[in-house]
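Could you put together the complete structure from these sequences and hints?
Going down the list, the protein sequences come from chains A and B.
All you need for our numbering is the position in the first sequence, starting with 1, plus 16.
All you need for our numbering is the position in the second sequence, starting with 1, plus 2.
These aren't lab readings, by the way, just hints derived from the structure by calculation.
Some hints here could point you the wrong way.
Derived list of chain A stretches under chain B, where covered just means 3 residues or more per stretch with a C-beta under 8 Å from a C-beta of chain B [stated by the list, open to error]:
| no. | segment |
| --- | --- |
| 1 | 24-38 |
| 2 | 41-48 |
| 3 | 152-160 |
| 4 | 171-178 |
As the structure is a computational prediction, the values presented were derived from the model and not from experiment.
In this text, a Cβ means the ideal position worked out from N, Cα and C, and glycines have one as well.
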Amino acid sequence: MAGWISLGIILLVLLGIIFYIIMIYNGFVALKNNINQDWSNIDVLLKQRYDELPKLIKVCEGYMQHEQKTLEAVVKARSMVNSARSDDQKLQAQNALTDTLKSLFMVVERYPDLKADAGFRQLSNRISEIEDQIADRRELYNASVTIYNTRLDQFPDVLIARAFNFGSRALWKIDPAHRQDVEVSFQHS
Amino acid sequence: MSQATYLIVEQQLKPPENLPEVLKELSQKHQLDIYQCRQRLVGRGLSLLTRGETEPLGKVSKVLKDAGYFHWVVSPSKPGFVPHRIRSLEIQSDHIIFNCQKKTVVFPKNSTILAVFAETSGELADKSVKQLLSSHAYRGMDDIRHLEDTKIHKTILQGKPVLDLYLLDDKSQVADAVRIFPGKFDPKGLGEQASVSSKQNLALVLRLAEEYAKDFHLFTDFGLVNLPGCTLRREDPDNPQTQRQNLISLARYGWLMTDLLRTGAVNPPQQEKEKDFSGAVTAAMLMQNPLLAGAGQLNEMLPIAKEISTEIDKASAIEEKTIAQSPDTADPGLPAPPPAQSTANWTKPGFWIGTGGSLGVMAFFMLFDFGDNQFLNKAAYHAFATGAIPLTLAGFTFCSAFYFLRMKRQIENTPTSKVRSVAMGMVEVKGQALRKFALVSPLSQSPCVFYRLTKYRREKNNQWKVNSVSSSANVPFLLEDETGRVEIDPAGCRVSAGTRQEGTPGQVGLTRLSDKSDDKWVEETIVEGTLLYVLGAASVKPSTGPILTEQKTEALRELKRNPQKLQQFDQDGDGKIGADEWDNARAAVEQKLIRASLNAKSERKKQEEHIVIGKAKGRPLIISETHSEDHLTARYLLYSIPLFFVAAIATGGAIYLLINYLK
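Structural data, given as structure tokens:
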């Protein structure tokens, strides 16, 4: 009887190994797709932000007659997003748009009437919300990539990953310029 | 050795602001337990704060007086006798005669009577506890509501009521006392007022006693107060002594009340004025608290002594008004939850059904005697001898083990989303559970986001068998993290609840547990505020408003009813709406509705208003009360290991049987 049980266990272990390989393989596929989905989910929010911008610019134009350069920069960055094709280009264009939006909101400080405008407040709040959500989803994307990359290096997953050529994915990284310290200077009048 | 003196305090529902300082002083200077003191000073009714020598109690009394507490420093007298049980009564114009077994007791008119109207089965105590627990669950610690006096009277009458009447002399000493049980006396003496209901007759005697008394003091809180020797025991059908002990306690309670009446309360200085108007009426004279005197129910149930009730109501109105004006009471609270889901049988995960089923079939074929039925005997032999049944068992356990491993990896592979940026599809969120509805667990009466109540029945072999399961799986709740809230729909999920309590039927809160009961309840709850892990499919909530065509029909109906608005579409000015004009009107209404709908959609909704995380077809939904994700994944790993082990043994057995069969 013991011999048969041993045979059963060996067979079951073999079956288990096959099932485990399938499970790991499927896990890698699911993780890869999750990463793609997380990336696309960021795009959804970027698109929402992109759609909100014309309304914001329209509201700002009425008040900011002397800030045509800032507004044009936002419009230009928005069109760059539209024309970007590769992932790198898209990333750069989105970063540029984020920068120009920051400049726009800084300039708005000089226009109290604009700040008081209900339409502007609503739009700026909406864009701020989207910005927060974009940041969250970038974190989520990075978390997904980290899980995937960790699995690639772990045993026994590494064996399956190498056998089936699962390559590592890059984390979302910010523009190096954003790592620099912000200089704050107080001008005495 | 001198007799112990009691310091009995009248508790306050809303304790004074300086209570912490008072407690500190009682603890540091008078060596009283700070927690026990707090418990005995906050609430409703009388409570024994401490006992001891008269002198040190006098110092404690001073502290309580300054803090605004009515209290008594009393040396209780030993009950001289137990009230005599009455057999009949006679009502005369100037007195009531109570005929007891051994003597006749006469209650003259305009005497002082102290009445104790008590419930001796424990039902009132249960109801009071239930009220406190539900009040705590719905309103929190700051606004606990006790049973109203009317409810107390009704509950006493519905339970096992007993009425004790004490006749007091000029010095408030007990001159005589009678005890009245419903149905145990001849109601003929009540004359035309006698009713067929024994309990109504009892209420009538109470009313008569009040009518005949000059000073009437009514006490209804026996069993609800913490006083020495006055404990009410739960009625036990197997132990007839409990009823006897309860009646002895009731006598002690009555005598203690007469002691308190005789001694008089120590009044806090700022409340001397209240004493003036409450001093002349019923229990308010003793208790200095009109609400305790049962004014409301006296007025409603016993239409007597108008001047007494009027006085009490005046005093009560002040307190009731204060309660009504309290901002807490204006809070509408959470909406009521939908009714709980009941299932006849326990819904267990598939692997248990598979594994248990296979083992059951195997045992059935091995142990059951099919007699002369050759077909079944053959089937049983071949099913087992070929190894088919062990192999089925191995298959189920193997698949179950892999199911748990897959779940483990699924949890590990899903990153945690923040609630405000939850995307559609499979998501993992962590946060604090909050109620969306005013859901309270049925047994422990705790505010919870989920409960599952399993009822078991004891079988002949002393084993517990699941009788029914009800749960709040149809009641959604909210999950809150640092970024926002999202709705969780637990339908279709096997929720892993962290709090488990057992009880027996009839139990209120956690007050009664009996080992003898043939029924058992097991309550699993996720208490509000617990940290939860949720893995599920996020989706947009379906719209609940009327669809566009319904809105259009209603808007057109409205337009037809309004000739002035309809006139706008009368382009040719003939006073009638032609077919073309009506088409224009319909188009205009439709445009307006579409525009309104689009505007509504563009408005940003809160996350909990438009996103729900729940079960999607073929996707797991895990709701678990767990400290960490690692803890949860470790649990899944722990489930899978023994299942693999069983699968291995079953496979070995199946191969062995098959080879033997083929030989």
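_Hint compliance check: list the failing hint numbers for this structure, sorted ascending._
The structure conflicts with hint 4 only, although it agrees with all the remaining ones.
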